[in-house]
Structures are given as C-alpha cells and as structure tokens.
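Q: Working from the sequences, and respecting the hints, build out all of it.
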Amino acid sequence: MIFIKKTTFPVLAGLVLAALFSSCQEDTTTIGDGVIGGEPFETGKANFNVFAYTKKINSVKTNALPIYQLGNFNDPIYGKTIASITSQLQLSTINPSFGVYSQETEDGAATDTSVSTIDEEETVKSVYLFIPYLTDIKDTDGDGLTDDLDIDPADANSDTDGDGLVDNDERLRQTNPLSNDTDGDGILDNVDTENGVSAYAKKYVLDSIYGADLTAPFTVKVERSTYFLRDLDPETNFEQAQEFFSDQEFAPTFVSDILYNGQETIRDTELLFFKSDDPDTEDVDESTEVDQTIAPGIWVPLDNQFFQENILDKEGSQELLKNTNFKEYLRGIHVSISQSDDIFFLLNLAGANITIAYEYKSVDMNSTADDTSDDEVVTLEKRYVLNLVTGDGLTSAVVGNAVNTLVNEAYPTDITDALSSTGNADRIYLKGGAGSYAEIKLFDEDAVVSQSIINQIKSNNWIVNEANLVFYVDREALDAVSGVIEPLRLYLYNTETNDPLYNPFTEYNGTSGTSLSTYLFYDGLLSKENNKGIKYKIRITDYINDILVRDAENVTLGLTLTSDIRFISTGNAMLDGDTEVKIPVMSTINPLGTVLFGSNVDAANASKKLQLEISYTKAN
Numbered sequence: 047m048i049f050i051k052k053t054t055f056p057v058l059a060g061l062v063l064a065a066l067f068s069s070c071q072e073d074t075t076t077i078g079d080g081v082i083g084g085e086p087f088e089t090g091k092a093n094f095n096v097f098a099y100t101k102k103i104n105s106v107k108t109n110a111l112p113i114y115q116l117g118n119f120n121d122p123i124y125g126k127t128i129a130s131i132t133s134q135l136q137l138s139t140i141n142p143s144f145g146v147y148s149q150e151t152e153d154g155a156a157t158d159t160s161v162s163t164i165d166e167e168e169t170v171k172s173v174y175l176f177i178p179y180l181t182d183i184k185d186t187d188g189d190g191l192t193d194d195l196d197i198d199p200a201d202a203n204s205d206t207d208g209d210g211l212v213d214n215d216e217r218l219r220q221t222n223p224l225s226n227d228t229d230g231d232g233i234l235d236n237v238d239t240e241n242g243v244s245a246y247a248k249k250y251v252l253d254s255i256y257g258a259d260l261t262a263p264f265t266v267k268v269e270r271s272t273y274f275l276r277d278l279d280p281e282t283n284f285e286q287a288q289e290f291f292s293d294q295e296f297a298p299t300f301v302s303d304i305l306y307n308g309q310e311t312i313r314d315t316e317l318l319f320f321k322s323d324d325p326d327t328e329d330v331d332e333s334t335e336v337d338q339t340i341a342p343g344i345w346v347p348l349d350n351q352f353f354q355e356n357i358l359d360k361e362g363s364q365e366l367l368k369n370t371n372f373k374e375y376l377r378g379i380h381v382s383i384s385q386s387d388d389i390f391f392l393l394n395l396a397g398a399n400i401t402i403a404y405e406y407k408s409v410d411m412n413s414t415a416d417d418t419s420d421d422e423v424v425t426l427e428k429r430y431v432l433n434l435v436t437g438d439g440l441t442s443a444v445v446g447n448a449v450n451t452l453v454n455e456a457y458p459t460d461i462t463d464a465l466s467s468t469g470n471a472d473r474i475y476l477k478g479g480a481g482s483y484a485e486i487k488l489f490d491e492d493a494v495v496s497q498s499i500i501n502q503i504k505s506n507n508w509i510v511n512e513a514n515l516v517f518y519v520d521r522e523a524l525d526a527v528s529g530v531i532e533p534l535r536l537y538l539y540n541t542e543t544n545d546p547l548y549n550p551f552t553e554y555n556g557t558s559g560t561s562l563s564t565y566l567f568y569d570g571l572l573s574k575e576n577n578k579g580i581k582y583k584i585r586i587t588d589y590i591n592d593i594l595v596r597d598a599e600n601v602t603l604g605l606t607l608t609s610d611i612r613f614i615s616t617g618n619a620m621l622d623g624d625t626e627v628k629i630p631v632m633s634t635i636n637p638l639g640t641v642l643f644g645s646n647v648d649a650a651n652a653s654k655k656l657q658l659e660i661s662y663t664k665a666n
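With positions in the sequence shown counted from 1, the corresponding number in the numbering used here is that position plus 46.
Check the hints yourself; a few may be wrong.
[Said to hold, decoys possible] Cβ pair distances, simulated, as ranges:
{"hint": "1", "residue 1": "SER528", "residue 2": "THR663", "range": "42 to 48 Å"}
{"hint": "2", "residue 1": "GLU328", "residue 2": "SER148", "range": "33 to 39 Å"}
{"hint": "3", "residue 1": "THR282", "residue 2": "SER302", "range": "44 to 50 Å"}
{"hint": "4", "residue 1": "SER363", "residue 2": "SER528", "range": "53 to 59 Å"}
Keep in mind that the hints were calculated from the coordinates and are not lab data.
Glycine is no exception: its CB is placed at the ideal position from the N, C-alpha and C atoms.
A: Structure below.
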C-alpha cells in the first residue's frame, strides 16, 4: 500500500510486593558522595507490573469531526474499512437573490417603470463539488516552497529549479520556484524582466491518501441525501447537539437522485481558469487574469438540472429563506467511492463546497441612463456557493452537520478472540476509527493491592527521575503480512477525566508547528530500526509523581493511536453491551492499526513485556 505522507488479600499482597521488589535490582550506582551532609545518593531502576485490556469499539461518534474519511482502506491485519460521507448543505447567504434583483422585483418587471428591471432568466451553466485534499504545508525556511519540494528546506537561498534565482526571491517575484521559465517564453526567470503570466499553477505535497496505485482512476458517486440530519437532540429537549455514529448507514435507503457517478484522478497541482477577454476594453486583456483557482482535491461536476430546479428556480421561496428551512428541504448529499477501488482519503469538509455557476440577463444602458435607445440586453455570469460544513471543531466551532459511516469487515478470528477476552492481554490490538483501544492499569488489577505497592514505594522516599511505559511492536504479526502502515504515535490519557498525561505548559515545543515534533519529552513516537517499528515509549513521570507525591488517584488509563497529539478532544464510543466510553477524536479519524506486546507474554518474548519502568534517586 502506498501512503502519501506521510487468595486472600494479606497473603497475596505480601507475595506480590516481595516478588516485585526482589526483581527490581537494576544498575544501582552511587553518585554525589558528600553532596548533602556527606551522605551519598543512590540511583536505580525498578520495573512494576502493568495490566492491559484490549477493547473492541462497535461504533464511534462521527459527526462534527475535524477530518472525515472517504473510500476503501485495505488494512493487511484488520481487513477492509469502507468509509462514506453524508453531509448537510448550507446556504452561503440566506434568502439569496440570483443575478441582481430579488425574485419579487423580477416578478414586477412588467409594471415597473425602471427599464433596467427585467426577468433575469437565471440559468445554471455548471455545478461542481469540491472537497480539498489535506496537504503538507511545512516550510522550514519560509521561502514559500514546502519542505518536500524544496532542494534545501533549511535554506531560503537555495535554488530548487536551477534558474539562478533563489527560492525566496522567486516568492517575492511571484515566479514558479519549480520551473526555470515560469511563463514559457524561453527566457530563464533570473534574466526575464517581464514575466508574462499573472499566476502559475502551484504544486502541493498531498497528505493522508492511501492506496496501492495513486495514479489509477477511481469512481466517485454523489447522491442526494433524503435523511434529515438533526443539529440538536430532541431527547435533551433540543439543548445538546445530536450525535450520529459510525454504524449508521444512509445508502441505499436514504438517497435518491444521482448527481454524479464518474471517474476522478488524484492531482497535486492547482487548476487555473482565466477570464474571457472583454472586447470593449481594447487596452486590457482580461484573458490573462485568473478567474478561478481550484486547489488539489475531489472536483466533480454535478447535475445542472437538479440545481436549476432546486436552487435557482427556488429564488424568493420559503425553502431558501433561512438555513433551517433549506436543510429540511434539501437535506444534503451522500458521497462514496466505488468499493472496487483501492483508494482512501482523509478530508477536511470545512473547505468543501458546491459552486453553482450561472448566467443571467441584464440591461446595459451604455452609461446613458436617460437615453434608452442604445440599451441592450446582455448576458452576465455569477456564482453561488453552497457549503457543506464550516469550522473544524478544533480551532473553531463546527457549523452544519456531516456524518462519517465506517463499515469494517469482520476481523480475523485471532483478533476477534483477543478483543472478546477480559483477561490481561498478551497482545494489544490498536485500530483507529471504529476499531479498538486499550485500557491500562498500573501496579495491579486490584485497587487495594495497587495502593499497597504505591505505599511501599512512598516509604522508600524515592525521587522519581523518570517513569516510562514501553510498548514493543509485535514484528512477527506485522511482518507476516505486507503493506502495513504503522501509526507514528500513541496517545495515553486519563479515562476518568479524559485529560492527557503530558503537561502542555512544561513539555510543549513552541518552536515547531508539526504534530510529531511537539511534546517530545512525553514522546509516544514510533522508534524504528531498518525502517520498521520497534517500540513506543511514553513518559508518564508527572503522572507517577502526582500519585506518589500529591496523592493523586491511580486511575485506569486509555491507550490509542493519534493523528495529532496536540488535540485532545474526545467523543462517545459504544462497546459491547452498549457500554459507552470516551475515545480521543484523533483516534477516530485515523484508519491505521498496529499490534503491540502486552504484559501477559510467554517466556520467549519476556524482554518485550509491557512494564512500568521507574528510574529513581534516594539518599542512603
């Protein structure tokens, strides 16, 4: 698969504690002799038990998401996931007037004394649905060229296209840093004093697109949705947002008109559309001016007649008076990819829209309002935009509603059996979306035993320097299949408060704007050898110190993968038995999966056993 970017308690407790501390003698050294009162200090490491339980997620909340999934993801371990999107449509302006005049004014044109008032006869020319791809915008040197395209991402004065003009100067001159001759006139940009184009089609680095062959065409289907996506939940007296879940399927039951069903290909370059030259302006060539720019994304034509009848012909009607009316009337669209296509996208619907280009009639008075003899009826063009949703739910509130339907094929038997087990796991199965997560308990399964161990640690008067959980990748499981895309980061959180275990104030790396280079002390990043994942290490030093020093509760922890650790919001998920839990949204929007060693491993994998590792200092 190709991926674009990238016994009774007193006896039992005594046995546990004795065994625990007798097995924790590792690399004790003496440092700092005479530092305080002549007393030396000891440093050491101790390992403590960890208990892991993998939980299958039957469904997860999939509306009001920052990112939506679309297509078919073929996971070599967990099987196929089919994702489709059902979204509301929203008027960009309520009660719109198409053309110049309102429909009421047009209807009175016959008796109106103004010669400029006519029936504008608005007619749809074209309708396009646009859903932008995610793109990598990292530009380390600020030269306007993303790092993956830049010959030297750290040097703004590098010359990527070799035309003698450095990338930063190309940015200032608005020439193409990926072409030595932006306007194609045979003169290199560094000596060309007259760039003959007003704009050039920019190239982007696409992100979060998965498939075996990203050059192959794929089939997009757009249908009218007949399902009413409520914004507010009637069971809460319409005081809370309505939740929709990943197992809610809208097609084929709740769809009608096919608005588009055809092939599309991935493109990484803008589409530029230029204006038509106006013959009345002899000294200006409008054909060199860009009229419209279409960024890389899904861009497909929709049925003109449908939007003529349901949008333009409804001008002045109650259906277009306000968005609540409109959402009830035209309930939305359903977007899917043919299940035979091996292609999968992560998409931001906040940037998606439907653009209706239409023409209308207008009276040109030729600048002589008092003289009607030279008036003529001309045809002009305008556009009207319908939005899907606005806001990403992270940096801004989501307006509108869209639901991601995620259909997973049955997992292999060994995974199904593991997910149905209630015992301490030998393997931890993590899968994004409506997949699986893990619950982690430190020290012991029994809360009383755990507290006894904690009390024993406290009595040792340790200063905890570092505490880590190390999750080893089951390479045998991953190497048994081909094409596994390993998640790059894990996320550990408090299941009672849903808070992260990292401290955003003390651990944040403010110099970086990327998800993988923030909270580096906390870590959670995938460590690789020979380009294969070996382990994830998560530092939980603050959490352990909270327990030992500040008497915080030792709670059950949640473990998921994450698309971006900077965002910690959660959404509801349903487990077996209709048990409801909170799952990080950044796991919900991630299609990837992996297999990790738990703590209940056999002797052959003892070195990869999941344990809590504590490094400490104590005074003798």
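Q: Now, for every hint given, state plainly whether the structure supports it.
A: Verification of the hints:
1. Taking 42 to 48 Å as the suggested C-beta distance range, the pair SER528 and THR663 conforms, at roughly 47 Å.
2. Separation of GLU328 from SER148 is about 35 Å and conforms to the stated range, judged on CB atoms against 33 to 39 Å.
3. For the pair THR282 and SER302, the supplied restraint of 44 to 50 Å is violated, since their beta-carbon distance comes to about 30 Å.
4. For SER363 and SER528, the hinted distance range of 53 to 59 Å is satisfied, since their beta carbons lie about 56 Å from each other.
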